[in-house]
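Asks: For reference, the chains in residue letters:
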Amino acid sequence: SRQAGHLQASWPCIINPRMARTAGMMLLLSLPGAAMWSLPAPSRRTAAARCGGVSMADTVEAGPAILSEWDSKKPIHVETWVPKSADMDNRNKQWWLIDAEGMRLGRMCTEIAKRLMGKHKVTYFPGSNVGDYVVVINAEKVLISGSKAKAKTYFRHGGRPGSVTIETFEQLQKRIPERIVEKAVKGMLPKGPLGREQFRHLKVFAGSEHPHEAQSPVKYAWPEGSLATKKPGGKKEKSRE
Amino acid sequence: HEMLLAALGVCRATARIALQGWRAAPGLPQLQFQREFGTRKEKIFRLAKGFRGRSKNCWRLARNRVHKALQHAYRSRRLKRRQARTRWIMQINAGVREYDLNYSGFIRGLKLAGIELNRKVLSQLAIQEPYSFRAVVWSARDALTSPTS
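Protein sequences, first through last, are from chains A and B. Heads up: the first sequence begins at 1 in the working numbering, then just goes up one per residue. Heads up: the second sequence begins at 1 in the working numbering, then just goes up one per residue.
Simulated from the structure, these hints should not be mistaken for laboratory data. Here the structure is a predicted model, which means the values were calculated and not measured. Just so you know, not all the hints are guaranteed correct.
Here are the computed lysine-lysine pairs in the DSS-like style, where the Cα-Cα straight-line distance is at most 25 Å [to be verified]:
hint, chain 1, residue 1, chain 2, residue 2
1, B, K68, B, K41
2, A, K191, A, K150
3, A, K141, A, K231
4, A, K93, A, K119
5, A, K203, A, K174
6, A, K230, A, K119
7, A, K119, B, K80
8, A, K84, B, K41
9, B, K80, A, K191
10, A, K203, A, K219
11, A, K183, A, K230
12, A, K84, B, K68
13, A, K119, B, K120
14, A, K219, A, K152
15, B, K68, B, K49
16, A, K231, A, K183
17, A, K114, B, K120
18, A, K230, A, K150
Derived contacts from chain B toward chain A, CB cut-off under 10 Å, selection only [unchecked claim]:
hint, residue
19, M90
20, I92
21, R97
22, E98
23, S104
24, G105
25, I127
26, Q128
27, F133
Each residue gets a CB set at the ideal place from its N, CA and C atoms; glycine is no exception.
Produce the entire structure from the sequences given, and follow the hints as far as they go.
Replies: As structure tokens, then:
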């Protein structure tokens, strides 16, 4: 049980900043050298999977040893982690599968954008391409709340005077349903060369088939009570109650 | 060298770093300080190496670009520290969300638990020492659910 393996009983309350730095530094120094510095993306499963079944006592260092290392007056040089080329390699990236059927458009797209940027990872590093690939299926069945189906407009200009086209959400969904999800996600990604590259990692399909079986995308499990899965129109029902 | 260190009573490490800036020409005693900085123009052109086009070879262009580059360097030395902290916070946020917590709640729990680890150490724990990070998250979560007054 969690209580049995909990470190709090043996972990001293870190009130003293010096001890805190010491504890952190000692843990960093206990690494076996260069091997740990770069972690290929697929090897980092969720923390729960990684830590399962290991007692916390294994990782605790003895008290007196920490103080003597720190007092040795040697300059201790520990580098913070930066991504290596293996972490940014497209071949190492995780593929996610998201079923857009019955999902609320914007709330689903924020999660997609987060995954494309890599902000769901501890190894996120600004300016580096540590995001994942996302495959979206059933894009034609994505939902939108309120009267936005008739009111939300998509604008484009052909470059010549008078060549303005405005179409509603419904019309675009009939014409090119993938574009709705693509436009939404594109607006949520950073603008720039890296953002454009991250956008290329998004693959949207109107139907339920996708040609990326070879990449074995993992179906994304939406968290409990996620607003993306909540049926649109719930707000009105609540106010009536 | 040794006598200087003893006289100054200075830690060996810091003295080594301080002495690295000194240029010891061959044949001269080690502590002799020799100025080899060059003329005013030589100094500017040395800093203009790698600049695009004529900005590295022509005086007026190089002078202007170098001055701007130095201003950028001054500003960026301060920005570097801010951006590093932002990065650590984003990394901690991502790490903590695996435990159904968010960054703000986590920091509050740390304060309640009396844990004073800084964001740099926390982010590095999250990346490289997942078990230790999990222990810290649990301590924070415990402090949140049963806060000490």
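Asks: Work down the list of hints and note, for each, if the structure agrees.
Replies: Results of checking the hints against the structure:
1. K68/B - K41/B: Distance ~16 Å between K68/B and K41/B Cα, so the pair holds.
2. K191/A - K150/A: violated (28 Å)
3. K141/A - K231/A: Distance ~13 Å between K141/A and K231/A Cα, so the pair holds.
4. K93/A - K119/A: Answer holds: K93/A to K119/A is near 14 Å, not above 25 Å.
5. K203/A - K174/A: Given pair K203/A, K174/A holds - Cα atoms ~19 Å apart, limit 25 Å.
6. K230/A - K119/A: holds (23 Å)
7. K119/A - K80/B: Cα-Cα ~20 Å, so holds.
8. K84/A - K41/B: violated (39 Å)
9. K80/B - K191/A: Holds. K80/B to K191/A sits at ~22 Å (cutoff 25 Å).
10. K203/A - K219/A: Distance of about 14 Å is within 25 Å: holds.
11. K183/A - K230/A: Between K183/A and K230/A the Cα gap is close to 22 Å, so the pair holds against 25 Å.
12. K84/A - K68/B: This hinted pair is violated, its Cα atoms lying about 31 Å apart.
13. K119/A - K120/B: Distance ~17 Å between K119/A and K120/B Cα, so the pair holds.
14. K219/A - K152/A: Status violated; Cα separation ~30 Å.
15. K68/B - K49/B: Distance ~14 Å between K68/B and K49/B Cα, so the pair holds.
16. K231/A - K183/A: holds (22 Å)
17. K114/A - K120/B: Holds. K114/A to K120/B sits at ~22 Å (cutoff 25 Å).
18. K230/A - K150/A: Answer holds: K230/A to K150/A is near 21 Å, not above 25 Å.
19. M90: Constraint on M90/B satisfied, holds at 6 Å.
20. I92: holds (8 Å)
21. R97: holds (7 Å)
22. E98: It holds, given that the least Cβ distance between E98/B and chain A is near 5 Å, below 10 Å.
23. S104: With Cβ-Cβ at 16 Å, over 10 Å, it is violated.
24. G105: violated (15 Å)
25. I127: Interface hint status for I127/B: holds (5 Å vs cutoff 10 Å).
26. Q128: This interface hint holds because 6 Å falls under the 10 Å limit.
27. F133: holds (8 Å)
Hints 2, 8, 12, 14, 23 and 24, counting from the list given before, are not met by this structure.
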